[in-house]
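Protein sequences appear in the order of chains A and B. Counting in my numbering, the first sequence tops out at residue 1064, every number present. Counting in my numbering, the second sequence tops out at residue 1064, every number present.
In short, the hints are calculated from the structure, not lab data. Please read these numbers as outputs of a predicted model, since none were measured by experiment. One or more of the hints may lead you astray.
Since the list gives no way to pick one copy over another, a pair counts as held whenever it fits inside one copy or between any two copies.
As the list claims (entries may be wrong) - The calculated DSS-like cross-link candidates involving lysine-lysine, where the alpha carbons are at most 30 Å apart (straight line), are:
1) K1008 to K700
2) K734 to K612
3) K612 to K735
4) K1031 to K804
5) K735 to K700
6) K1043 to K739
7) K626 to K777
8) K985 to K735
9) K790 to K700
2 protein chains.
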Amino acid sequence: MKPRKILLTEKDIPEKWYNIIADMPNKPLPPLHPVTKEPIGPDALEPLFPMELIKQEVTTDKWVDIPDEVRHIYSLWRPTPLYRAYGLEKALDTPAKIYYKYEGVSPSGSHKPNTSVPQAYYNKKEGIKRITTETGAGQWGSALAFACNHFNIECEVFMVKLSYLQKPYRKIMMNTWGAKVFPSPSEITQAGKKVLAEDPNTTGSLGIAISEAVERAATRDDTKYALGSVLNHVKLHQTIIGQEAVAQMEIAGDMPDIVIAPFGGGSNFAGLAFPFLRLNFDEGRNIRCIASEPSSCPKLTRGVFRYDFGDTIGMTPLLPMYTLGHNFVPAPIHAGGLRYHGAGVIVSQLLKDKLIEAVAHDNIEVFKAGVTFAKAEGIIPAPEATHGIATAIAEAEKCKHEGVSRTILFNLCGHGNFDMKAYDDYFSGNIVKHELSEVDIHQSLAKLDTPEIL
Amino acid sequence: MKPRKILLTEKDIPEKWYNIIADMPNKPLPPLHPVTKEPIGPDALEPLFPMELIKQEVTTDKWVDIPDEVRHIYSLWRPTPLYRAYGLEKALDTPAKIYYKYEGVSPSGSHKPNTSVPQAYYNKKEGIKRITTETGAGQWGSALAFACNHFNIECEVFMVKLSYLQKPYRKIMMNTWGAKVFPSPSEITQAGKKVLAEDPNTTGSLGIAISEAVERAATRDDTKYALGSVLNHVKLHQTIIGQEAVAQMEIAGDMPDIVIAPFGGGSNFAGLAFPFLRLNFDEGRNIRCIASEPSSCPKLTRGVFRYDFGDTIGMTPLLPMYTLGHNFVPAPIHAGGLRYHGAGVIVSQLLKDKLIEAVAHDNIEVFKAGVTFAKAEGIIPAPEATHGIATAIAEAEKCKHEGVSRTILFNLCGHGNFDMKAYDDYFSGNIVKHELSEVDIHQSLAKLDTPEIL
């Protein structure tokens, strides 16, 4: 039997990130000013991000150098292992060959440090003293806390109050790495005070937390803001996942027919899939890349492609994206990282151009898949990661039904050690389907007054 | 700079476990019957353990074959990485070279599956349908649940009721792998019923949970019992850690002057240290091996070497061990895995013969060390693991003070993802020292009426 794990060494950590924009047949449309609705340039981002990240946000260069210092920190957990899922194949009795790339070996337990580390690095280089961000369940906040600690930058995390109270473990993890964590809304921003004045008992929302983090950065010269998904430079940093996976599949003497990843804002999917899409562009391969989203938040499979705000309040530039409407409130599923109304710009254009696919799974289906995986492979997956597993299982079952073998690769983006409550809810029958009706989606989209894309 | 991680491949997973008894100048004294106090043979263990494990318990062969099927399951996470702790060295500004072996990459997050997998394997081979065990905080119970799931054996875990109620995440982890978890004392054993009749509100203890698990195994033909530390066969299985580490240190072109591991019952320490002690025996090396225990449970540094029971109630054979007395109740420190009154037989004899050393650290010192490590290296360690870190830091600081470089290797036996409450208590100032007075120890030992060793 061939080895279960395909490993690379530290010298194999890629030296460049891959920028898919260079290869896209249709480039992303420009962002628009939230008020004037005119196209805006990179300078509009200056108050929030360091110049090097803004350059990465708009570059059309195919390759972007990874600084040595970033590669050295990556080496704490990278290259990550690629597994042949012998246990899962046996459990499914499928002729398919299943592989997964495991990003849960990072210190914070997900793929997020792949971008938090370079983001902190560029901020440090430009003399920034403090980075602010928002976090829901805490995956992104803890990844940024870890990165800021390494560069001795202050880190302020605005954590949705409901999660702050209900999920204290991620908060303590951030504290351990030296970050300050505020329940949002807080008294330290005007935005937070305003919300608290209107409703002192609010449990907060990601939209409010974004407003607080952005305000802190916009009003202080020594402070910038960081985002964990959606933006181009975030996706760029994550391509390290797929580049390693391409090398590992070559070592395995195999190449995927299908590449799968969970989909929230797109960084997880982009990270694994873009380097395989590059093979489609450069070598004329025909690798199917499938984004896997929750059926309770189905922007790719049931949303519209139009300009929309990145936040709930309407402060950010308008971005061309698949969206359910910026006022859409996703059901409170445990996969907090997938509860976002829109898809990043690059991924949206790729879907529009039919260069990638998307599927949705309901909440019960993904937990069933997660438990099947945990029993077959040992690792208990994060609720976000179970979506990719559900798609992989569906494709493997299709192989069995059709009597053909295909090679399937998915991104196991994080472990579920901080999510055991979710599994308890599943075992106790407290997980529900959260299917959206046509009426629900129509009502959310009907409210949109943002520019359409013709 | 040399690589941070020294990796092995699956074909490097050792093919044999190392049995240190073969090399010991003074062999362990025999166990005694709990009532007659006469030496007992292996047959006394038959109601509780499968024959192959009993053979391993008493063998004097230097090497024991690891079955291929066990090696294949090991390959889910083994070989584990060995890290050069560049970040910690820098943080301490020490001339010492520090390495750590990281066992937290296993599915249950500690070194425990190294023995739960072969234990489940041998039970399966001998037709056993069900394995019972006790667990405190849940590290051992979850490792056994993981292993039993792989071999399709039922797993029953008696979890101390206080932990069952206060630490539900480990319980859900066991459920995910299919184990049944009972709060102990339970209504399903005579032992449990008896305790509940006397005190319906008891929060349980490890001693009671052991009695329940043993009773279930002793009264059913298809059921055996499993133990996660102390016994010889458990230590034998763990030597896979140190064997890998020896090979990894050779790749690093280095060899430790000092090997350190946390100490509870001894399996963690034995796992890393015994293969280095073999180099002392076989090659005349002079590697110092240091067991690191909590000062609130200091059996090695302040206990006595005499016969004592393995459990609180006095049901097990009498074992020759360093002990604080089987009635000793350790303070409720977060490092639950180190709260045990005695030390395993082999380790006790080695300490008696001055072939190993022991040190103790107080509760505040270990958390300070744990946070220093998390900030310098990224990984947040389990409370048990912080004891080894504290010893490593103390030795590295000694190097700095003396102006010499030594090579230090310690066992990072598990991650702290399920222990964030402990860190919260530390940050909130709720961790206390729990130092034991001479009077405390004297009072506990004065109660002992077990045979002395002359």
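Against the structure, the hints come out as follows:
{"no.": "1", "hint": "K1008 to K700", "verdict": "within (15 Å within a copy, 53 Å between copies)"}
{"no.": "2", "hint": "K734 to K612", "verdict": "between (44 Å within a copy, 25 Å between copies)"}
{"no.": "3", "hint": "K612 to K735", "verdict": "between (44 Å within a copy, 25 Å between copies)"}
{"no.": "4", "hint": "K1031 to K804", "verdict": "neither (33 Å within a copy, 33 Å between copies)"}
{"no.": "5", "hint": "K735 to K700", "verdict": "between (50 Å within a copy, 20 Å between copies)"}
{"no.": "6", "hint": "K1043 to K739", "verdict": "neither (44 Å within a copy, 36 Å between copies)"}
{"no.": "7", "hint": "K626 to K777", "verdict": "neither (36 Å within a copy, 44 Å between copies)"}
{"no.": "8", "hint": "K985 to K735", "verdict": "between (45 Å within a copy, 20 Å between copies)"}
{"no.": "9", "hint": "K790 to K700", "verdict": "between (46 Å within a copy, 24 Å between copies)"}
Of the numbered hints stated above, those contradicted by the structure are hints 4, 6 and 7, listed in ascending order.
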